[in-house]
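Asks: The residues making up each chain are set out below.
2 protein chains.
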Amino acid sequence: MERGLLIVISGPSGAGKGTICKELIRKGKCWLSISATTRSPREGEVDGENYYFLSKEEFADKIKNNEFLEYAQVYNNYYGTPKKNIEEKLDAGIDVILEIDIQGALQVKEVWKEGVYIFILPPSMEELKKRIINRGSETEESLNTRFNSAYSELNYMGKYNYAVINDEVETAVQKIESIIMAEKCRVHRVKNNYLNKEAKIND
Amino acid sequence: MERGLLIVISGPSGAGKGTICKELIRKGKCWLSISATTRSPREGEVDGENYYFLSKEEFADKIKNNEFLEYAQVYNNYYGTPKKNIEEKLDAGIDVILEIDIQGALQVKEVWKEGVYIFILPPSMEELKKRIINRGSETEESLNTRFNSAYSELNYMGKYNYAVINDEVETAVQKIESIIMAEKCRVHRVKNNYLNKEAKIND
Chain A
1 MERGLLIVIS GPSGAGKGTI CKELIRKGKC WLSISATTRS PREGEVDGEN
51 YYFLSKEEFA DKIKNNEFLE YAQVYNNYYG TPKKNIEEKL DAGIDVILEI
101 DIQGALQVKE VWKEGVYIFI LPPSMEELKK RIINRGSETE ESLNTRFNSA
151 YSELNYMGKY NYAVINDEVE TAVQKIESII MAEKCRVHRV KNNYLNKEAK
201 IND
Chain B
1 MERGLLIVIS GPSGAGKGTI CKELIRKGKC WLSISATTRS PREGEVDGEN
51 YYFLSKEEFA DKIKNNEFLE YAQVYNNYYG TPKKNIEEKL DAGIDVILEI
101 DIQGALQVKE VWKEGVYIFI LPPSMEELKK RIINRGSETE ESLNTRFNSA
151 YSELNYMGKY NYAVINDEVE TAVQKIESII MAEKCRVHRV KNNYLNKEAK
201 IND
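Line by line, the protein sequences give chains A and B.
Here the first sequence stands for residues 1 to 203, numbered as in the UniProt record's numbering.
Here the second sequence stands for residues 1 to 203, numbered as in the UniProt record's numbering.
Please keep in mind that the hints were generated in silico from the structure rather than gathered at the bench.
Worth double-checking, as some hints may not be accurate.
One copy or two, either will do: identical chains are not told apart, so a pair holds if it fits within one copy or between any two.
[Said to hold, decoys possible] Capping the alpha-carbon separation at 25 Å, the derived lysine to any residue pairs in SDA-like fashion look like this: (1) K197 / S124; (2) K191 / N155; (3) K197 / E153; (4) K159 / E141; (5) K84 / E43; (6) K197 / S149; (7) K191 / F53; (8) K184 / S13; (9) K184 / E153.
Isolated chain A, as found in the complex (with noise of 0.2 Å):
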């Protein structure tokens, strides 16, 4: 069986990774990763579907059993992303896609370069700082922090694969099965598929 691709989705926030994620496992094509973290759960939040709700001791485990693809304390919570779901939906053919910041998204890449790595872009900086806006209850201040970040965090997209950009859902989501796609046709991982069925043809 052919192994299913690692589809790394990251970008600056505000640039939409979510709507694009929700869409492409709405359209059933992918198994999208389920985030550990040691924060309680927010109500209507279930275990297993929206996070794996951990202790800090059995955080604390995994991270010495080396079971993080990458992790990150955020303030006084951890958050990380388990390996063993990943493999297994990969072993099974089923491509995964990975909701990541930029920066798990670089520690990923690090031990995983065989994934697919996608920066998500908003269609224009303008229209980020109307987004940022949009989502309200920020003052000047946060709102200029927030965008400056977002823009500083350009300067990463050379580190990824491809970058999309999104200024309407359905285009980016369809560039992403292009993509998808496209890295099967790959040289190298139709190569030895191809010509080992031959072989055992010829045999």
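Add chain B to chain A, keeping to what the hints say.
Replies: Quick look at chain B alone, frame taken from chain A:
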């Protein structure tokens, strides 16, 4: 304006390159490069449509002036890929399809690194044999020669960026369309366009 892509469609004879290219052109998204030749036009062939028909002197002049991406002598005649039209289409933002044998494709790759090189594979070597037989008018000997040459040509697959198995034309064409879309999302292609646009806005 974004530059077009040069898409090189190549592979062993009998893999179905021609049918795939015709379908890509029919869908109207690309321009098919036209070869030059010194052979005489056959019944119904139109100059500038099927080929550019040139005298041996004209062809030799163009070789001297470096006007071909690649050329080759086949028996008593020359065949070549003129550069000028391709450059013009690419500059106008139009993607160009170049249907070419393996020898030619590898020559083009030497001088045109930024092209997209796609190797078309028959569904299986068994199927390729059937196709060669169905073309008829082959002696047992020439059939074996053709088949063995196609089989050994598989060794060149690794020099290409992508490999597409032509089990069904519609699926193969879809894969190539995905490859074209994905290549346009390659980070080095998107990055400069995006940052230049932003730089202009922020001027």
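Asks: All hints, please: hold or fail.
Replies: Consistency of the hints with the structure:
| no. | hint | in the structure |
| --- | --- | --- |
| 1 | K197 / S124 | between (47 Å within a copy, 9 Å between copies) |
| 2 | K191 / N155 | between (35 Å within a copy, 10 Å between copies) |
| 3 | K197 / E153 | between (44 Å within a copy, 17 Å between copies) |
| 4 | K159 / E141 | neither (29 Å within a copy, 53 Å between copies) |
| 5 | K84 / E43 | neither (27 Å within a copy, 65 Å between copies) |
| 6 | K197 / S149 | between (50 Å within a copy, 19 Å between copies) |
| 7 | K191 / F53 | neither (42 Å within a copy, 38 Å between copies) |
| 8 | K184 / S13 | between (28 Å within a copy, 23 Å between copies) |
| 9 | K184 / E153 | between (29 Å within a copy, 22 Å between copies) |
In this structure, the earlier hints numbered 4, 5 and 7 are contradicted, and the remaining ones agree with it.
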